[in-house]
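Number of protein chains: 2
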Amino acid sequence: MQTLFLPIAAPDAEFYRRALHRQTQLTKPPGSLGRLEQLAVALAALQRRDQPALDNIHISIFAADHGIAAEAVSAFPQAVTAEMVKNFAAGGAAVNVLARQLNAHFEVVDVGLLNPVELPSVIRQRAGAGTENFKIKPAMSEAQLQIALAAGRAAVSRALVGKADIFIGGEMGIANTCSASAMAAALLAVPADEITGAGTGLNAGQIRHKAAVIQLALQTHCQRLTTPLAVLQTLGGFEIAALAAAYISAAQQRLPVLVDGFISSVAALLAARINPDCRCWFFYGHRSEEKGHQQVLDALAAEPILQLGMRLGEASGAVMAVPVLQMACRLHNEMATFSQARISAGL
Amino acid sequence: MQTLFLPIAAPDAEFYRRALHRQTQLTKPPGSLGRLEQLAVALAALQRRDQPALDNIHISIFAADHGIAAEAVSAFPQAVTAEMVKNFAAGGAAVNVLARQLNAHFEVVDVGLLNPVELPSVIRQRAGAGTENFKIKPAMSEAQLQIALAAGRAAVSRALVGKADIFIGGEMGIANTCSASAMAAALLAVPADEITGAGTGLNAGQIRHKAAVIQLALQTHCQRLTTPLAVLQTLGGFEIAALAAAYISAAQQRLPVLVDGFISSVAALLAARINPDCRCWFFYGHRSEEKGHQQVLDALAAEPILQLGMRLGEASGAVMAVPVLQMACRLHNEMATFSQARISAGL
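So the protein sequences, as listed, match chains A and B. Under our numbering, think of the first position of the first sequence as 1, with each following residue one higher. Under our numbering, think of the first position of the second sequence as 1, with each following residue one higher.
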């Protein structure tokens, strides 16, 4: 647990200054590449490179089941978690298509499916056979939380062995927007109905039911919800714990992170509440359609790169943003300067 | 001139229906890929393919000078138009970096620089040595307009010979946001100061001056500005005329178009006013920071793919959106269906 609190470096001030200066020299009006300039400069300062680059992308999908699924809070049956893990293993999911296109390293971690998926390509680091139903009791034990956190750290270790330039985490777990919404409500101190959304496709009545389940759980556990880790243990999912630990571990080891949508952002918020310095290492891939995402992004002062109306999870929105970051790097590295191109300066 | 009014096909209803149906079968909650689903379906219907694709990208940059530059309406001196054409030819501009990354076909067309750039890689199809100062007299003659329109059509012919899957037009021309703002004000019937922006980087006082120049021109020429082509001839630029003709010609020949930022969108608005059916063939790369862009996009009912705070022109925002469209196609084509992956259906 103490690992979570180890210090995190700030972005490098000298590489930041140099990157900012280079942007003023490139053959374009100052500021005319907008976010692309900021992204390249931020990455240069994190990577401590004059030529920032995202050649080597690491994607870890953490999958786990949720006891709260028994409360009919998802549009899909619980069996879909394991079925989608098999789909990831077979290469048929959205994130597989995107990962192939980017030549990214892709892996799936079973951090607590109800029934293990027996496939050689699925990494098994299981904290349990799904969480408990948090409407009734805390989602996981202290020991289970430790296993889930360790699974996140292990994924970052593999990313570093593979010389990754960026870490992307994703999640799969039927009912996990219910868990994430409960944690967001607890962390942001807002009523459940202000933050609870449709997940994979609930209708208005079903969303009200989901929010009521969450509100009851918040009341039941209110004495426990005193620290970010207590929120995670009481309302969390194994895959969300793994994501939060992975984000902190990546930041501690100077590996930039690209955060996905609502559930991943709740994991990022947990990480930021546990060890606030990690936030400097986070990029945000996209703004999800899921209702609570904007509130969580606001709490993180996050500006997502894309707004494409996506709400799939499984890292898909983060992976979609990779080409934008790559283009930002290439523009920074490859454009001619005014003096190289002998171009007259502006007013 | 009559060529502009030749008929344009509608998207194919049968390919549209089939693509929409396929999206419901893919292993994701319905609608969870947001814009990516819509983009893939739209492209399938335009390309008449069950597997839409953007493998072959054609980029034409049209460059020309503007007489209105004499009114001190740009942050950069007029010499920069030709200097940037040389930068394009040398591969040092932002769009070069992006085009290389996409393995796109890239070309620059001198459609009316003040002084021709004598480089073998620059295509010369000149309508004149820059336009006239439209504060004083119409920007171009009828004959010059014809040459500029033909230059746009010729670029599309080259794209078709090269088996392009999409046409991207870009522009370079110091003071061309002044011309584009004047045309947008005329076409949308709004006062100049509601639509005039900073261009390459004017301050507030300079923007007021630029708007006053435009407002005076609108008053001077008000009797002439009765048709879209008259607006183009009176207030336009050669590169903007080329873009408008290219967009119409592409649509007439079933080649989808990816529109760039403010100036390109004004060309798209001209095209839509000349031959409204062309709009079905347009995708919009990004929302520019330039003040008038949103009004022009609204008039076109356009939803840009990216919002990255860019305002560079030279096709850069359109080219940035290509990876999003490519990913949308690959997701559509390569994701497993529920039955292939044996995944339980939702509620």
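Don't read these hints as lab results, they were simulated from the structure. Misleading hints may appear alongside valid ones.
No copy labels: a pair is met if it fits in one copy or bridges any two.
[Claimed, not checked] The calculated DMTMM-like cross-link candidates involving lysine to aspartate or glutamate, where the alpha carbons are at most 25 Å apart (straight line), are:
1. 163 x 107
2. 86 x 55
3. 137 x 303
4. 291 x 303
5. 135 x 14
6. 86 x 118
7. 163 x 12
8. 86 x 334
9. 163 x 50
10. 291 x 12
11. 137 x 14
12. 163 x 298
Please flag the earlier hints that this structure goes against, numbers listed from lowest up.
2, 3, 5, 10, 11 and 12
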